[in-house]
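K.L.:
Letter by letter, the chains look like this.
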Amino acid sequence: MKAVLNWLDHRTGIRAVLHAALYEHIPGGARWRYVWGSTLVFAFVVQLVTGVFLWMAYSPSGHTAWESVYYIQNEMQGGWLLRGLHHFMAQAMVILLAFHLMQVVIDGAYRAPREVNFLLGLILMQIVLGLSLTGYLLPWDQKGYWATRVATNLMGLVPILGTQLQKLVVGGADYGHHTLTRFFALHAGVLPGLLLGLLVLHLAIFRRHGIHAPDPHRRPDTTFWPDQILKDSVACLAVLAVVLFVVVRLGADLGAPADPSHEYSAARPEWYFLFLFQFLKLFEGGGETGELIGGIVVPFLVLLALFAMPWVGRWKLGHRFNVGLLLCLLAGIGVLTAQALYADNRAQWAGKPPSTADKDSPEVKRYEASSGYLRARHHAEMEAERVIELIKHNKGIPAGGALTLLRDDPKTQGPRLFARWCASCHLHDDSPEIFGQPSAPDLTGFGSRKWIAGLVDPKQVDGPHYFGNTSHNGENGGQMVEFIKTTMPELEPADVAKAVAALSAQAQLGSQHDMDKKDAAMIQEGIEQIELLGCIDCHKFRDLGDLGTAPDLTGYASREWLLGMISNPAHERFYGENNDRMPAFAANPDDPKSNTLSPKNLDLLVAWLRGEWHRPPRAKR
Amino acid sequence: MQSSRESTDLESDLEAAGTRRRGFLSRIAAAVVGSLVALVPMAAGLLTFLDPLRSRAKGGGDGRSNRGRLVRVAPLDALGADGVPRQFQVVADRFDAWNRFPDESIGVVYLRRVPGSNDVQAFNATCPHLGCFVAFKPDRGIYQCPCHESAFKIDGAMIHPTPSPRDLDELRTEVKDNAVWVWYQDFYTGKEQKKPKT
Chain A
0 MKAVLNWLDH RTGIRAVLHA ALYEHIPGGA RWRYVWGSTL VFAFVVQLVT
50 GVFLWMAYSP SGHTAWESVY YIQNEMQGGW LLRGLHHFMA QAMVILLAFH
100 LMQVVIDGAY RAPREVNFLL GLILMQIVLG LSLTGYLLPW DQKGYWATRV
150 ATNLMGLVPI LGTQLQKLVV GGADYGHHTL TRFFALHAGV LPGLLLGLLV
200 LHLAIFRRHG IHAPDPHRRP DTTFWPDQIL KDSVACLAVL AVVLFVVVRL
250 GADLGAPADP SHEYSAARPE WYFLFLFQFL KLFEGGGETG ELIGGIVVPF
300 LVLLALFAMP WVGRWKLGHR FNVGLLLCLL AGIGVLTAQA LYADNRAQWA
350 GKPPSTADKD SPEVKRYEAS SGYLRARHHA EMEAERVIEL IKHNKGIPAG
400 GALTLLRDDP KTQGPRLFAR WCASCHLHDD SPEIFGQPSA PDLTGFGSRK
450 WIAGLVDPKQ VDGPHYFGNT SHNGENGGQM VEFIKTTMPE LEPADVAKAV
500 AALSAQAQLG SQHDMDKKDA AMIQEGIEQI ELLGCIDCHK FRDLGDLGTA
550 PDLTGYASRE WLLGMISNPA HERFYGENND RMPAFAANPD DPKSNTLSPK
600 NLDLLVAWLR GEWHRPPRAK R
Chain B
0 MQSSRESTDL ESDLEAAGTR RRGFLSRIAA AVVGSLVALV PMAAGLLTFL
50 DPLRSRAKGG GDGRSNRGRL VRVAPLDALG ADGVPRQFQV VADRFDAWNR
100 FPDESIGVVY LRRVPGSNDV QAFNATCPHL GCFVAFKPDR GIYQCPCHES
150 AFKIDGAMIH PTPSPRDLDE LRTEVKDNAV WVWYQDFYTG KEQKKPKT
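Quick mapping for you: the protein sequence lines, in order, are chains A and B. Heads up, the first sequence is in numbering that gives the first Met the number 0, so the first residue is 0 and it goes up one at a time. Heads up, the second sequence is in numbering that gives the first Met the number 0, so the first residue is 0 and it goes up one at a time.
Keep in mind that the hints are not guaranteed to be accurate.
As the list claims (entries may be wrong) - Some but not every residue of chain B turned toward chain A, in silico, with C-beta under 8 Å:
no., residue
1, 25
2, 26
3, 32
4, 33
5, 36
6, 41
7, 43
8, 44
9, 47
10, 48
11, 50
12, 53
13, 94
14, 99
No lab work stands behind these hints, which were simulated from the structure alone. Glycine included, C-beta positions come from ideal geometry on N, C-alpha and C.
Using the sequences provided together with the hints, build the complete structure.
P.N.:
Here it is in structure tokens:
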């Protein structure tokens, strides 16, 4: 062993190098306050190691980025741990940076001859923040996508070269494959390379000047190995333990795949950039100039003040000023972050809505903004879960990416289509948006026994959930309302129940499949009741009655019936001339492009109204 | 005086010994803790890196198993009664990491009807030597590999001398509803034993 070492030492001088590395002189003994720099180096090494392994499984393109991250997170052995370490160590690094900066400034370690090293440190800090920003986009989920768009849009505000700069970073006018390839090259190549190079310089200069001991006679001098290294390792262990705890408890989350066509109201930057986000809000209403000042000029001036610290700090008062400035900055960041968190979560934290009824009061507006954000976040979580259900059901992701699964999913698309096209008149319990007073029936459970039972209930038929707000209501002399109100009370409830079951069975709802099968005999009797009760005086049902006065009851609320009804409610098979304001969404079957709803969207909407979508088997517990 | 100096020496000796012992413990502790923190990220990375070694036969993934996948390859009528092999694509869902590509070619087989019977023989077209596709030469009635000239008889047996370590890989077949179904699977090449890729 010794012979080998001697041989190597003769040729490389390794002993001297090792000795210089390990036996650095530490005046005043090893101290806990010196550990921050080492924990940062450790965090960087962890990012380097985990990053390279993640690189082996990551695929940067619009159709594969989210998918490969999904695969790492959910399918690969230990992938959740690897990604979790990388995800949370990045956040730990930001905190450690703040501690390191504080220690250096408070100890006055930036003073001559260490000015250059302080500047290097500030540049390193910005590279780390750049790594965070670029890394946030790489999973290509809704959160990263929309938050990073805000950051690159801010870049467009830089005077003169802004738009060009933005195009260069984004790889074109819009986000796409090249945004990912560029961000990935920055994140895994350019920035870590720069960081590594500058870190070596930073450490070399640090060694040249030696450690800055604020109190060199505290204890006997010592050396880096083993005393300070032991303290450093214990600190690293503590950092690692905290990060591992968070990985196991929370796990790195992955939102639904980025969808440029679907807004994401819960877009927020990573928490350590929240203060900037909140800070920008102070400049709201200032237009482009306001954004420029809040998003670029002020942060730039703050950085300038940090860069000037070594020179300002030459005087005793200047040093105090520096310390004060840093503490104020950190306090400001803390306050802004807390404000941002509170603004988003006030609806949840406050518990109950503000007591004032004034809709325009700022308090109500803030409450509504917060509950809107919380709703959007909840939807985002549901969607992230949904896409995983769909992947499992599909036994893999189609070549077009995971987004195609969501786009073909009635459960995801139905509420969106409903909100866009139907919710201005109709209600539905699962629609995310409600627009004022409904003017058409509530479509929750349309065609189900419960829904039809309500329709033929004299108490409900003229109410807001059925015809109450339509031109078919009692006030306007609607015949159905009149019929239900006058005839129904005279009928045998058992006969009505049979007719309801029979009409509902026409819908062939998947949710009632077992029930319809069990009640086949009753449904058979109900079919006769529909004819006997007088429905066919106005409606057509199977071979009886005529079209033209009221909707066809044959196949009522079935898939085919609904497709026809939504396509053209004024068709003689449905409401004909009596149609109340409902537009035809696909009146021209021969020319789908001229219709409001494409055949695919029509299918998705109908499937959603009928509750037809993939449901995962109940998880066994 | 003398005794006092002695006691000072003793104290400093004791102190030196204490420092040495502390130094030794510090060294051990620093080495242990230092290695531990370095190992964790490395271990997490290696765990994921070694993911391909894990068998994915259960449930998801590409559903590889020791028996292969039963795939309908061709109608029985497509095979001549003369026993001459014909090449067919095996079309099934192809899995690639996170992707599933429905109905893509996942491999190539030769099918031949054994003359005078309804039995069908199926061979994986991959040469067992180093994985090129073998071609059937109708004029000579043999399979030949374009890469290193391995040659096999019409029933898949090696023709010596040959670089191939084993006969062509025969696959199990079933004939149902007048169609040929093949238990398709790939095997590692270059080995005397047929070892399925799972």
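K.L.:
Could you tell me which of the numbered hints above are not met by this structure, giving the numbers in increasing order?
P.N.:
When the structure is compared with the hints, none of them turns out to be violated.
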